[in-house]
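First residue of the first sequence: 24, per our numbering; consecutive thereafter.
Among these hints, one or two may not hold up.
Stated by the list, open to error - Using 25 Å as the maximum straight-line C-alpha spacing, the simulated PhoX-like pairs for lysine-lysine come out as follows:
no., residue 1, residue 2
1, K127, K112
2, K92, K127
3, K34, K74
4, K63, K74
5, K74, K45
6, K92, K112
7, K63, K92
8, K119, K74
9, K112, K63
10, K113, K70
11, K45, K63
12, K34, K70
13, K70, K127
14, K92, K45
15, K92, K113
16, K70, K92
17, K92, K74
18, K34, K45
19, K113, K127
20, K112, K34
21, K63, K127
22, K74, K113
23, K74, K112
24, K119, K45
If you're looking for bench data, these hints aren't it; they were derived computationally from the structure.
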Amino acid sequence: MSSEESSNEQKYVIYDMELLSKLIVGIGEVAEITGVPTRKIRYWEEKGIIKSVQEADGSTRRYDYVNIKKIVLVQELLEDGYTLDTAAKKVEDRIKNIDDVFQKIALQTLEPS
DNA sequence: GTTCTCACA
DNA sequence: TGTGAGAA
């Protein structure tokens, strides 16, 4: 999705957050789907910019919705010429901002004064 | 298929 | 910043 392939493609929007938050896939599938090689994913994790959730017995890395999203975002920023560190920082900031917004919304709607 | 580490670009 | 290769 480089630039302006805007109109005719109909996209599916997943709005079942409950299900979305439970999507956890292995590194192989993440690599295949996102186009980021497993080697690079491990490298990023080693750098601390993403983290995998580990099941007790298995040794294979598995990634949840948030981290898969990070992988995609970081990759886009890298393609735009950012360094890995700055890309990671921008991703963290964006996620934090979004979290803050929904935190405020949640507080306002769940605890109306 | 996955893991790690060392070395190299 | 990322890969290759070998070994487990």
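Verification of the hints:
Distance check on the hinted pair: K127 and K112 sit about 22 Å apart at the alpha-carbon level, within 25 Å; holds. For the hint linking K92 to K127, the alpha-carbon distance of about 22 Å falls within 25 Å, and the restraint holds. For the hint linking K34 to K74, the alpha-carbon distance of about 28 Å lies beyond 25 Å, and the restraint is violated. Using a Cα cut-off of 25 Å, the hinted pair K63 and K74 holds, with the two alpha carbons roughly 13 Å apart.
Our distance criterion of 25 Å between C-alpha atoms is met by K74 and K45, whose separation comes to about 16 Å. Distance check on the hinted pair: K92 and K112 sit about 14 Å apart at the alpha-carbon level, within 25 Å; holds. Simply put, K63 and K92 have alpha-carbon atoms about 15 Å apart, close enough for the 25 Å limit, and the pair holds. At roughly 16 Å between alpha-carbon atoms, K119 and K74 fall within 25 Å of each other, so this suggested pair holds.
Our distance criterion of 25 Å between C-alpha atoms is met by K112 and K63, whose separation comes to about 18 Å. For the given pair, K113 sits about 15 Å from K70 by alpha-carbon distance, which is consistent with the 25 Å threshold. For the given pair, K45 sits about 24 Å from K63 by alpha-carbon distance, which is consistent with the 25 Å threshold. Restraint check: the Cα-Cα separation between K34 and K70 comes to about 33 Å, which exceeds 25 Å; the hinted pair is violated.
Our distance criterion of 25 Å between C-alpha atoms is broken by K70 and K127, whose separation comes to about 31 Å. Simply put, K92 and K45 have alpha-carbon atoms about 14 Å apart, close enough for the 25 Å limit, and the pair holds. Under the criterion of a C-alpha separation no larger than 25 Å, the hint pairing K92 with K113 is consistent with the structure, at around 13 Å. Distance restraint check for K70 and K92: the Cα-Cα separation of roughly 17 Å lies within the 25 Å cut-off, and the hinted pair is therefore satisfied.
Using a Cα cut-off of 25 Å, the hinted pair K92 and K74 holds, with the two alpha carbons roughly 12 Å apart. A threshold of 25 Å between alpha carbons decides the hint, and for K34 with K45 the separation of about 21 Å falls inside it, so the pair holds. Annotation: proposed proximity of K113 to K127 holds, straight-line Cα distance about 21 Å (limit 25 Å). Proximity of K112 to K34 is assessed by CA-CA distance (about 29 Å); at most 25 Å being required, the pair is judged violated.
Between K63 and K127 the CA atoms are separated by roughly 36 Å; this puts the pair beyond 25 Å, and the hint is violated. About 16 Å separates the Cα atoms of K74 and K113, which keeps this hinted pair within 25 Å; it holds. Between the alpha carbons of K74 and K112 the distance comes to roughly 14 Å, so the proposed pair stays at or under 25 Å and holds. Taken as a hint, the K119 and K45 pair is honoured in the structure, with Cα atoms around 20 Å apart against an allowance of 25 Å.
The structure does not agree with the numbered hints 3, 12, 13, 20, 21 stated previously, though it agrees with the rest.
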